[in-house]
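Q: Residue strings, one per chain:
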Amino acid sequence: MGSRIKIITILLLLAFFLLLPLFERDPYILHVLIEIAMVSLPAMGLWLILLTGQLSFGQVAFVAIGAYTSCILVMQVGMNSWLALPLSGLMAGLCGVAVGYPALRIKGTYFAILTLSMGEAVSMILLNWTGLTGGADGIFRIPRPNALALGGWTLVHFTADKVAYYYYILALLIFCLLVMYRLARSHVGSVLRAINQSDNLAESIGVNITRYKVFAFSIGCFFAGLAGAFYTHYFTMLHPDNFTLWDSIYYVVYIIVGGANYIFGPVLGVFLMLGTFELLRAVKKLQAVTYALILIAVILFLPGGLMNLRQILFPSRRPEKEGEGSGSRTANHGDS
Amino acid sequence: MEPVLFLQAVANSIMLGLIYTLIALGITLIFSIMKIVNFAHGQIYMLGAFAIFYFYAQWHINYILSLVLSALCIAALGAVLEHFLFRRLRGQELPCLLLSLGLALLFEGLALILFGEKDMGVPPPFPGAVNVLGVHFGMDRLVIIFLSLILLLALFIFIQKFKAGRAIRALAQDPEAATLQGVDINRMSWFGFSIGCMLAGLSGGLLVPVYWVSPFIGGPAVVKAFIVMVLGGLGSIPGTVLGGLILGSIESFGQQFLPGTWAMAIAYILVVLMILIRPRGLMGKE
Amino acid sequence: MVGPTYAQKVLKIGVLGPMTGPASLWGLAMQNCVEMWAEEVNAQGGLQVKGEKYKIETVTEDTKYDAARAVAGAEKLVNRDKVKFIIGTNGTHEALAVLPITTPAKVILCTFCFDRSAIGVQYPYSFRSIPTAYEFYTPMYKWLRQKYPDKKRLVLVVKNYAGGLVVRDQAKEATEKEGYQIAGVETYQPATTDFYPIMTKILAHKPEVMDFTAASGGDTGLLLKAAKQLGYKGITLQGTQGDPGTVISTAGKENAEGHFFMGGGSDEAIASPAMIAFIKEYSKRYGSWNEVASQDYYIPRLVGLAIQKAGTTEDTDAIAKALEATEIKSPLVKGNPTVKFAGKNYYGRNSQVIMPLALVQVISGQPKTVTVLEAKHLN
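Protein chains in written order, with my numbering: chain S, 1 to 336; chain W, 1 to 286; chain F, 1 to 379.
Here chain S stands alone, though its shape is the one from the complex:
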């Protein structure tokens, strides 16, 4: 019963967002939606990392790696941006493997501080390695994505117009959501859930914990890399200041606010926080304060995040086969 309604809701939402550019032409609205989708990707990556029971505060470093990789591949190697896209994701993913193997043995708060420091280290390196990144000068006038052509017919041109970018990021978003879904339901997902419950138990059954954790971690970094590549050719400029610790922190905030147990949690979290942010433009100086108050309120009163609101509003409903809405350190990641 419930799952049929779920599927219909998802399909309706999908149709809505696919058709939206037909009746909403305002570039500002499109830009906000694009930004939401773009920021959702690393947040979703973080969700996958959370599957391992760890919380990373360095996710933005992988976005940066993806961004600069794509920039270099396109501008210096002359590669087609569509080939650079998966390669940038791959680069970020590989860095994720390199970082993950040693790092994922560390638990809890230590892991959080480790990833935070690692993220900052990457930030400093980006600022100082002027040969690669241009340092504080930044890199400008980066080319837009190559036009998509099929047998000599140009299908999509990328210009300052937002619509093409909108569909591009939407495609990436759907792709990542599908990956998350398959992963959560797959064998890997069950193993990760088991590891989350109890490391020792899983290990005693002969599971190579680290390998699974690294796998999930690197996919999470891959998502971040894809977002970075999109970022580069959308803003056509790169500057180390665009990838800061606050970004990493906000990804965590989005997941928590949206609901760490649900696949759509990250997107919902980003949508709500960024949307609120834009809506609050009128309130100017109070914007930061309001944002902070929302966050605190959610933490204190809505521990499962906003996706749990349904549970709270309609408490008589029989809880479905979803994970517990605890939203605390161990996320159970049920379906939905």
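Because the hints were derived from the structure by calculation, they are not lab data.
All residues carry an ideal CB built from backbone N, CA and C; glycine is no exception.
One or more of the hints may lead you astray.
[Stated by the list, open to error] A short list of chain S residues far from chain F (calculated; beta carbon distances all over 10 Å):
#, residue
1, L11
2, F16
3, P86
4, T109
5, L150
6, V163
7, L170
8, I174
9, Y181
10, N208
11, F301
[Unchecked claim] Quick list of the computed label-pair ranges, beta carbon to beta carbon:
#, chain 1, residue 1, chain 2, residue 2, range
12, S, L19, F, Q8, 37 to 43 Å
13, S, T9, W, P259, 54 to 60 Å
14, F, P331, S, L19, 53 to 59 Å
15, W, V132, F, G120, 53 to 59 Å
16, F, N345, S, D26, 39 to 45 Å
17, S, R105, F, E173, 49 to 55 Å
18, S, R105, W, R187, 33 to 39 Å
19, W, E176, S, L300, 25 to 31 Å
We have chain S; now place chains W and F onto it with these hints.
A: Just chains W and F now, with coordinates in the frame of chain S:
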């Protein structure tokens, strides 16, 4: 390199190191008792600095008296935060961390509205500089070093000799055992958190004459506090001193010998390595 | 019934910059100046353009000194609010992110960033609202050379951000022309709080002149304090406007003594009564005076004049052309010198505002104007 310059770099390391130790004390204390990483530590440091700005620079109250007043105010703030907010989430690592994050954002936003955006300095309470064998020390720094050492000593004695201090230490080492021995967790958590915040605020107040105050000084401060805490050892006061000195030396010598701004990158890489190799830090317990 | 019996036409002016966060010092000064101008104009019934009076309405967007937020703000201003004039973008990264939006939309952008190309021929609707170090350094170093002919060893202290690097290059150009020997260029990270280490390194070069280039107010104060406490006795200066209040209070009076910087004109030696009144009004409205505002004062007025000259509020091609030739006599500085756009020989268009710049020195704890410099090398 000239010996004088080298000595100056050493002196800089010690001065910087003790300053960082001072900043990190509060966050270390709170982490050791309640296992909470207090992201709002930086903003509380900032509020302590503003308290001094108003008491001392604007209302012309004696500097030392201002320090005492601001310490009391910030401690009160800490008590309120613990009682009404953190207590609800006791035991939940992640939500506490996120709550402290929310508070950090809140305080910075409020500070911007209340105090304005400009960097502001205060008249120097201890002006001048001292020259010893070609090595220079600002007078204000010397006094702050002196005051911080007294503070460290006081803290150390408190934790070793006084009942409340020992209770805090017991809580830090083993909460269950401590409770069994009659330590009132509620009261001690509240007390410990207040002391931790007070230390953060005091460090802000002590450092205003050396640096400056604005709503934005909190962010960099808390990140440095993290580094010190990790390097030196969570929950250990001597460890915090060691961590501070290490960071101070990296910055001081790093600036001296490395091009551009690689010194901080190295500090972070060291933190990463430290956590990987020895997560409890150089002198941490556990 | 008293009052207009028709709905008055509205002229929307966009304001885009960092209104919160550490860079808000610049953004807020800019916004406040635009607001004050708008009120002044509206109090007289509105901006008179070809027989019609337009009420000025300002729409502000906060960029938080972030490129993505700047883009969102620009999109909103251009496409939703449909403004044709944006006063703003303070950082190079902000400006260069926003120009691809404003240029095809033919929106006039009055930026405050220091990047040379941002006001070049490829961005025909872009103007710079304030002087950069380039306009200041050439006459300043000439003057310094004459005043202290034997002080030739120079160290540049550079804050590692886009604006900082631009000013560094401008300083190099100007000092080499005047025969200074650059003994070292030391760069520091923006989040630096303690300047003892870097100052130790700087002093190792044995400089006679120390140029803090684009250091911000708080940084400058601490650099001065560190320099003096570590025994430096030479000349210190910077190529940008430091907020003198912040510099002096952060450094301490003795340590700030003798420091040179680009002044805004609030010094009584050159300030006219109108400037005093402006400072008073500004402080009353916004809590305290911000020296940056003494330069931000001009741009909304220049834009208003250009609109009037072109006789249209819509045709930005005409207005841009008019703006390049617009000038006003400054009411804030004694002698009412001319403020106008110039720079075709260096920037490609007359898109750089030039104004007489006070060279200010801290004397007995107060900023005092030593001389007034003009950017004659730009035409």
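Q: Each hint needs a verdict: does it hold in this structure or not?
A: Status of each hint after checking the structure:
| no. | hint | verdict |
| --- | --- | --- |
| 1 | L11 | holds, 30 Å |
| 2 | F16 | holds, 21 Å |
| 3 | P86 | holds, 24 Å |
| 4 | T109 | holds, 23 Å |
| 5 | L150 | holds, 28 Å |
| 6 | V163 | holds, 13 Å |
| 7 | L170 | holds, 18 Å |
| 8 | I174 | holds, 22 Å |
| 9 | Y181 | holds, 28 Å |
| 10 | N208 | holds, 40 Å |
| 11 | F301 | holds, 26 Å |
| 12 | S/L19 with F/Q8: 37 to 43 Å | holds, 41 Å |
| 13 | S/T9 with W/P259: 54 to 60 Å | holds, 57 Å |
| 14 | F/P331 with S/L19: 53 to 59 Å | holds, 57 Å |
| 15 | W/V132 with F/G120: 53 to 59 Å | holds, 54 Å |
| 16 | F/N345 with S/D26: 39 to 45 Å | holds, 41 Å |
| 17 | S/R105 with F/E173: 49 to 55 Å | holds, 53 Å |
| 18 | S/R105 with W/R187: 33 to 39 Å | holds, 37 Å |
| 19 | W/E176 with S/L300: 25 to 31 Å | holds, 26 Å |
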